[in-house]
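Protein chains: 4
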Amino acid sequence: MKTVKDLKWHKGIDVEELVDAFGGTGFQSIELNGASDIFVKMKKSNAKIFLAFTSNMVTSGLRGFFAQLINLGMADIIITTAGSIEEDIMKALGEKFEIASFFSDDVKLHERGENRIGNLVIRNESYMRFEDKMKGMLQQIYEKQKRISVSELIKEIGLMLDDNDSILHQAARKNVPIFCPAITDGAIGFHLFMFQQDHKDFIVDVVQDFSNAIFCTTHDEKKGLIALGGSISKHHAVLIGMMNGGFDYAVYMTTAHQTSGSMSGATTQEAKSWGKIKDDSDAATVIGDVTVMFPLAMMRALEKLTAQGIIKG
Amino acid sequence: MKTVKDLKWHKGIDVEELVDAFGGTGFQSIELNGASDIFVKMKKSNAKIFLAFTSNMVTSGLRGFFAQLINLGMADIIITTAGSIEEDIMKALGEKFEIASFFSDDVKLHERGENRIGNLVIRNESYMRFEDKMKGMLQQIYEKQKRISVSELIKEIGLMLDDNDSILHQAARKNVPIFCPAITDGAIGFHLFMFQQDHKDFIVDVVQDFSNAIFCTTHDEKKGLIALGGSISKHHAVLIGMMNGGFDYAVYMTTAHQTSGSMSGATTQEAKSWGKIKDDSDAATVIGDVTVMFPLAMMRALEKLTAQGIIKG
Amino acid sequence: MKTVKDLKWHKGIDVEELVDAFGGTGFQSIELNGASDIFVKMKKSNAKIFLAFTSNMVTSGLRGFFAQLINLGMADIIITTAGSIEEDIMKALGEKFEIASFFSDDVKLHERGENRIGNLVIRNESYMRFEDKMKGMLQQIYEKQKRISVSELIKEIGLMLDDNDSILHQAARKNVPIFCPAITDGAIGFHLFMFQQDHKDFIVDVVQDFSNAIFCTTHDEKKGLIALGGSISKHHAVLIGMMNGGFDYAVYMTTAHQTSGSMSGATTQEAKSWGKIKDDSDAATVIGDVTVMFPLAMMRALEKLTAQGIIKG
Amino acid sequence: MKTVKDLKWHKGIDVEELVDAFGGTGFQSIELNGASDIFVKMKKSNAKIFLAFTSNMVTSGLRGFFAQLINLGMADIIITTAGSIEEDIMKALGEKFEIASFFSDDVKLHERGENRIGNLVIRNESYMRFEDKMKGMLQQIYEKQKRISVSELIKEIGLMLDDNDSILHQAARKNVPIFCPAITDGAIGFHLFMFQQDHKDFIVDVVQDFSNAIFCTTHDEKKGLIALGGSISKHHAVLIGMMNGGFDYAVYMTTAHQTSGSMSGATTQEAKSWGKIKDDSDAATVIGDVTVMFPLAMMRALEKLTAQGIIKG
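Protein chains in written order, with the numbering used here: chain L, 1 to 313; chain E, 1001 to 1313; chain B, 2001 to 2313; chain Y, 3001 to 3313.
Take these hints with a grain of salt, some might be off.
Calculated cross-link-like contacts (lysine-lysine; reagent style DSBU-like; alpha-carbon spacing at most 35 Å) [said to hold, decoys possible]:
| id | chain 1 | residue 1 | chain 2 | residue 2 |
| --- | --- | --- | --- | --- |
| 1 | L | Lys108 | Y | Lys3008 |
| 2 | B | Lys2155 | B | Lys2304 |
| 3 | B | Lys2108 | Y | Lys3002 |
| 4 | B | Lys2174 | Y | Lys3200 |
| 5 | Y | Lys3108 | Y | Lys3146 |
| 6 | E | Lys1011 | B | Lys2174 |
| 7 | Y | Lys3002 | L | Lys96 |
| 8 | E | Lys1096 | L | Lys278 |
| 9 | L | Lys5 | Y | Lys3002 |
| 10 | B | Lys2222 | Y | Lys3008 |
| 11 | B | Lys2048 | B | Lys2174 |
Keep in mind the hints are simulated off the structure, nothing from the lab.
The task is simple: from the sequences and hints, build the whole structure.
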């Protein structure tokens, strides 16, 4: 029987030691420690790792960490929303997002052309820069291919970016597909629409991308899921997994609770009723802000995997 | 200055009286009362009303209430996710969803072919029934139109259903467009994919639907938003509004908080920085489970609007 | 098997009908409907009803509703915090609490002598009025009794108040004890301290009150618990129940979740491990703001109980 | 203007580096970084540091960390609830708390005499061991002093314990007062009552302890507040601070939100309207599970303070 241990600080304590200690601390620290163990297991078992996240995480500095994880081989399939695509491109173009406050004066921000996401801000200029770049990129892609699935479109964009901290760039480089089931839900939708106005035969094929998604893995392969936040990125990931026999490993990290019946708050337990994750899977649901919880759990896993020679740190 | 009033029960108290009293009670009851006032104002000002919701609300009994609201003229544009489309169709076919518990044994449910969403359950049979129906409907739609936008597709389906409690049916009947920016994110995605396998020229045009969405209203029109829950339904609605100069009225109802920077928890205040809602708009954010909060706020509004002869009860 | 029913509005719908319909709606509306049923059962079985609440509910208009419930025989034992005692007295003296906003400018409020609790405000004047009254009341109580338990002290105060909407007054009138395990945690603590400075033999005996609490019911009696919010009011109520064999009926209403291991978020399920509520008890945990959830669930119960002649409406 | 930075892992990353990086990550990671800065500032300014926490944190492994903080001079005044006192004593007697699951079978736990707090469990034996010890300790204390304030009582107990990881022991050793405004709200209440049955002149003087609390600091002293979780421990701390002119530094860490008007969710912003914290104070509200958030923020502060020679690591 595992028991609670008194947590202690010592000078120079590193992340691995602290998250190790969380295994005996209590409440969400224990769940976080368990999630970290599952990250290690899914990699060691050679599972295909699905990483699903919402766009606010790309607004945040997790964006560079996600790119690093792709590079390290810790993410084989990405599922996200349109905002993630846009903001990763903006950052790859050198745009900086600013740190503001949850209690900003939003009317003043509006006057200054600053768009708030929690305690962060994206300036209108970043959207304009993105628009300029998109026009050129769409023209180039169209010249190669007139009917294109979403993940192919995103890969083409990724190849045109030149930034090692870019999710799109690293994914394209590593042949990691990025699925985005609602590609038009953002400024990018507007740019696609404008382009299609002048190029009626330009088709973004979402139905074709569904088959890309369900055939990106198989029933036989071991599969692991890391679902950060909720929304359709989480839902689409579990859907793909379910259609391939369910996940063997799953970690959900979210601030939402199951009590309203939302997908955002759905637990790994609930997922078993659907066959989204296997009955005997290793699964953990961690409640908390992903910007804190995920780096802790994943960085400890990276330390363990490096020590075992499984990934190169 | 408004002051707190002692709340009292009397025999036979009706919903309108109770929600009136909430205006002097405190905390979320006051916000709910304010949301109800905004519902009244948006209708009285002839605003175009956007109703955005997530699929778990269609799993719940709110589905019939949404259909009723469309019928009463309280929703001019619908934005939702793929699950809503599927489940509305299942229910229109006579399928019943069961009431279970948040603490169900999910492995047992899985064995019985019961898929849990919070304290509700959808049986595998309902998905099979839906599959059978979809095949026939897609064939009929394809014969009319090979390249179709999402909202047109949904309207065609709505016209084929025969259920007054169906959102799709009432919307089709009333010419209320239903936008679904991630139409493939569900079982329906699989059926569309299967159909496209045999009909390569069948195209679901999401980019075309983006233009349908942004041209469904104008800068000049007054616009009101009712965003229930989070996810891309909420995001897509605010995006359309922003591209048309922002909403004049807005009510967000959600269990999510702004502290994680997610769209689900984004407040009407934050929306002002983007121009998603106007600086001087009437806006309220109500925190709580939509299955309770929304009927209360909206039913009181319906009573007021009926009494004033604006809608017919 | 119970199934989900489409929710519908009709003109003049009353609270009882709506909460009846919630039984087939889904998510928290179902839990709320279940809580309402338990309120009916606990009264019909003649259970001794414990009502525990935090002071913010007395800041709100629920204060008058609690007083009404005591008068109707729906609360036999009250457990609360010091703020409730203070604010009930202020209101009994005619003080009005104001309605502000969650986004008030707190520095300006401070300058104006307005103290914010969520979207409500208590002015400094109300605290001064309370102070004046307390001095006189403590003197009178001291003259009768120098060593006094907390619940006796509160009863003496209740008898001196003249307001039918006062919790303390109705409780005193009806011989309903009010337990307040942290009586000094508020302005009242300061007034008791000032009084004791001049009357060293004045003793507020909290240990004696513990025995009053545990002997206010028995193992043999049926016992029902209504715990609104968290904190020590909830904890003290379950402690008393546990020491008397556990509750037969229990409803928890709270916005807190069990995931942090706090008492506020502890569920009725967890309570069974302690014997705080019986293994086979009728129990429900409802997640949501008490100012909305509680009136709905309780008013429906009052309608049912009145119809059955069990209480007089 | 501060901007978002891409977060990166490197082999051997330590806690200080990670929490430094959080300052540019986003959402709660930024707030956590800010809280850590405030911890450094309050110590460097020689502020009197109030540490308030709820009992579930003593159930967890934070208990040893709190004891360490007292020893390091990072906590000058403690405010907590009765459960903390009990459980610190149990652990000092060698009792081990077990790690279970949030989804335990609570009826089975009850049969086994295991009492659940989130994903932790306290066995009945630990309560029995505590009872035996309390009897002896109360007798010894009574022989010294018949009328005793709560903080004096707790100090006497602390002196009798022999465990460096004990909060009570370290506090007694370091002359750090522990205030517990609801001392009877727990098993300890029962033991005090039993003892008083046989010793009618034994008085636990809570009113006297209120004066100990308000005179433990002054208007002139700089004051810092660390309020972990909600409940009366948080409230009592802010009350004491307010009566001494308000805090200069304040960090709230909680999973609760301000939207229900509860003390648990009250923000540092709201506290300014009361003068609980000063208008120009350095303040941060961090949302998240304290078992993760607090060690991160505090351990980074300890590294900074050690490097500057202000505390000895």
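Hint check results:
This hinted pair checks out: L/Lys108 and Y/Lys3008 have alpha carbons roughly 33 Å apart, not beyond 35 Å. With a C-alpha separation of about 31 Å, the suggested pairing of B/Lys2155 with B/Lys2304 holds against the 35 Å cut-off. Under the criterion of a C-alpha separation no larger than 35 Å, the hint pairing B/Lys2108 with Y/Lys3002 is consistent with the structure, at around 28 Å. Annotation: proposed proximity of B/Lys2174 to Y/Lys3200 holds, straight-line Cα distance about 30 Å (limit 35 Å).
In summary, the hint linking Y/Lys3108 to Y/Lys3146 is not supported, as the alpha carbons are separated by about 43 Å, beyond the 35 Å threshold. In summary, the hint linking E/Lys1011 to B/Lys2174 is supported, as the alpha carbons are separated by about 22 Å, within the 35 Å threshold. Distance check on the hinted pair: Y/Lys3002 and L/Lys96 sit about 10 Å apart at the alpha-carbon level, within 35 Å; holds. For a cut-off of 35 Å, the pair hint linking E/Lys1096 to L/Lys278 stands: about 26 Å separates their Cα positions.
A distance of roughly 39 Å separates the Cα atoms of L/Lys5 and Y/Lys3002; the hinted pair therefore is violated under the 35 Å criterion. Between the alpha carbons of B/Lys2222 and Y/Lys3008 the distance comes to roughly 59 Å, so the proposed pair goes past 35 Å and is violated. Of the supplied pair hints, the one linking B/Lys2048 and B/Lys2174 holds, its CA atoms being roughly 14 Å apart against a limit of 35 Å.
Checked against the numbered hints listed earlier, the structure breaks hints 5, 9, 10; every other hint is satisfied.
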